[in-house]
Amino acid sequence: DAKTTQPNSMESNEEEPVHLPCNHSTISGTDYIHWYRQLPSQGPEYVIHGLTSNVNNRMASLEIAEDRKSSTLILHRATLRDAAVYYCILRDGVSGTYKYIFGTGTRLKVLA
Amino acid sequence: EPEVTQTPSHQVTQMGQEVILRCVPISNHLYFYWYRQILGQKVEFLVSFYNNEISEKSEIFDDQFSVERPDGSNFTLKIRSTKLEDSAMYFCASSSPTAGYNSPLHFGNGTRLTVT
Numbered sequence: 001d002a003k004t005t006q007p008n009s010m011e012s013n014e015e016e017p018v019h020l021p022c023n024h025s026t027i028s029g030t031d032y033i034h035w036y037r038q039l040p041s042q043g044p045e046y047v048i049h050g051l052t053s054n055v056n057n058r059m060a061s062l063e064i065a066e067d068r069k070s071s072t073l074i075l076h077r078a079t080l081r082d083a084a085v086y087y088c089i090l091r092d093g094v095s096g097t098y099k100y101i102f103g104t105g106t107r108l109k110v111l112a
Numbered sequence: 001e002p003e004v005t006q007t008p009s010h011q012v013t014q015m016g017q018e019v020i021l022r023c024v025p026i027s028n029h030l031y032f033y034w035y036r037q038i039l040g041q042k043v044e045f046l047v048s049f050y051n052n053e054i055s056e057k058s059e060i061f062d063d064q065f066s067v068e069r070p071d072g073s074n075f076t077l078k079i080r081s082t083k084l085e086d087s088a089m090y091f092c093a094s095s096s097p098t099a100g101y102n103s104p105l106h107f108g109n110g111t112r113l114t115v116t
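Chains A and B supply the protein sequences, listed in that same order.
Be aware that the first sequence starts at 1, since it is given in this note's numbering, and climbs by one per residue.
Be aware that the second sequence starts at 1, since it is given in this note's numbering, and climbs by one per residue.
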């Protein structure tokens with residue numbers, strides 16, 4: 001799986017938007033970009049995924065750069081419950097593998 | 001919303017003992033996984049399971065580990081002879097085949113295994 005690079009930690013104020021960056025300069029044409037998060041003392045939780053176009057769901061938005069070498073997860077209004085480790089993961093959409101390889105992620109701290 | 005459930009939430013065992021961790025995946029899912037997370041470290045892939053057989057496994061998943069789907073609902077991870085370094089949080093996950101290779105994984109909240 002291609003490598004991703006994320007900042008170790010970020011801070012945000014409650015009720016403000018948060019932009020979590022991910023660099024993936026070696027992404028291949030068939031790699032999908034997935035985001036998961038892990039709340040304290042819980043298992044990872046799916047957030048969003050995309051290939052080329054920006055994506056929105058009830059949890060977040062995913063902005064993908066035109067060259068696909070980077071992406072940004074956007075939480076529109078951070079709440080205290082969004083404090084978690086956020087993982088950006090690349091998965092090949094055609095390789096036949098279903099596993100996800102987690103990196104170290106970004107630890108998001110939300111300030112009240 | 002359906003969820004993956006894992007039991008027990010905490011298991012303490014002595015070194016050398018066998019331990020079985022249990023999971024009930026989401027009912028219509030067909031792909032099953034075990035991951036582990038040693039305290040303060042990354043979430044590590046152990047094994048994936050489909051159609052009653054292992055489809056992929058990592059280097060961590062050696063002969064001491066085995067998985068089984070003994071009936072239509074449970075998915076188990078057995079460690080035959082536990083070592084101190086097996087102490088970790090073990091997460092079960094499942095996914096539906098409907099979205100293909102991009103089906104989101106649904107994780108349980110884990111079993112904390114402590115080997116003494």
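Incorrect hints may appear among the rest.
Computed cross-link-like contacts, DMTMM-like style, restricted to lysine to aspartate or glutamate with a CA-CA straight-line distance of at most 25 Å [what the hints assert, rightly or not]:
| # | chain 1 | residue 1 | chain 2 | residue 2 |
| --- | --- | --- | --- | --- |
| 1 | B | Lys57 | A | Glu11 |
| 2 | A | Lys3 | B | Glu68 |
| 3 | A | Lys69 | A | Glu15 |
| 4 | A | Lys3 | A | Glu63 |
| 5 | A | Lys99 | B | Glu56 |
| 6 | B | Lys57 | B | Asp86 |
| 7 | A | Lys3 | B | Asp63 |
| 8 | A | Lys69 | B | Glu59 |
| 9 | A | Lys99 | B | Glu68 |
| 10 | B | Lys42 | A | Glu15 |
| 11 | B | Lys57 | A | Glu63 |
| 12 | A | Lys99 | B | Asp86 |
| 13 | A | Lys109 | A | Glu63 |
| 14 | B | Lys42 | A | Glu16 |
| 15 | B | Lys83 | B | Asp71 |
| 16 | A | Lys3 | B | Asp71 |
| 17 | A | Lys3 | A | Glu45 |
| 18 | A | Lys69 | B | Glu3 |
| 19 | A | Lys109 | B | Glu68 |
| 20 | B | Lys78 | B | Glu44 |
| 21 | B | Lys42 | B | Asp86 |
| 22 | A | Lys3 | B | Glu1 |
| 23 | A | Lys69 | A | Glu11 |
| 24 | B | Lys78 | B | Glu53 |
| 25 | A | Lys3 | B | Glu3 |
| 26 | A | Lys99 | A | Glu15 |
| 27 | B | Lys78 | B | Glu68 |
| 28 | A | Lys99 | B | Asp71 |
| 29 | B | Lys78 | B | Glu1 |
| 30 | B | Lys83 | B | Glu3 |
| 31 | A | Lys109 | B | Glu44 |
| 32 | B | Lys42 | B | Glu59 |
| 33 | A | Lys3 | B | Glu56 |
| 34 | A | Lys109 | B | Glu18 |
| 35 | A | Lys109 | A | Glu15 |
| 36 | A | Lys99 | B | Glu59 |
| 37 | B | Lys83 | A | Glu15 |
| 38 | A | Lys99 | A | Glu45 |
| 39 | B | Lys57 | A | Asp92 |
Derived from the structure by calculation, the hints contain no laboratory data.
Mind checking the alpha carbons of Lys69 of chain A and Glu3 of chain B for me, to see if they're no more than 25 Å apart? Distance of about 34 Å is beyond 25 Å: violated.
*Compare the distance between the alpha carbons of Lys3 of chain A and Glu56 of chain B with 25 Å, and conclude whether the hinted pair is satisfied.*
At roughly 20 Å apart (the allowed maximum being 25 Å), Glu56 of chain B and Lys3 of chain A satisfy the hint.
Hinted pair, alpha-carbon criterion (25 Å max): Lys3 of chain A, Asp63 of chain B. Please report holds or violated. violated (29 Å)
Given pair status - Glu1 of chain B, Lys3 of chain A, alpha carbons within 25 Å:
With a Cα-Cα distance of about 33 Å, the restraint between Lys3 of chain A and Glu1 of chain B is violated, given a limit of 25 Å.
When you check the alpha-carbon spacing of Lys78 of chain B and Glu44 of chain B, does it fall within 25 Å?
holds (17 Å)
task: Please work out if Lys83 of chain B and Asp71 of chain B have their alpha carbons no farther apart than 25 Å.
output: violated (28 Å)
Proposed proximity, Asp86 of chain B with Lys57 of chain B (alpha carbon, max 25 Å): holds (16 Å)
When you check the alpha-carbon spacing of Lys109 of chain A and Glu63 of chain A, does it fall within 25 Å? OK: Lys109 of chain A and Glu63 of chain A at ~21 Å, within 25 Å.
Verify the proposed pairing of Lys3 of chain A with Asp71 of chain B, using a straight-line Cα cut of 25 Å. violated (38 Å)
Quick one, are Lys3 of chain A and Glu68 of chain B close enough, alpha carbons at most 25 Å? violated (32 Å)
query: Taking 25 Å as the top limit, are the C-alpha atoms of Lys57 of chain B and Glu63 of chain A close enough?
result: Distance ~32 Å between Lys57 of chain B and Glu63 of chain A Cα, so the pair is violated.
Given hint Glu45 of chain A paired with Lys3 of chain A - CA-CA distance at most 25 Å
It holds: about 20 Å lies between the C-alpha atoms, which stays within 25 Å.
Comparing the model with each numbered hint stated earlier shows that hints 1, 2, 3, 7, 8, 10, 11, 14, 15, 16, 18, 19, 22, 25, 26, 29, 30, 34 and 37 do not hold.
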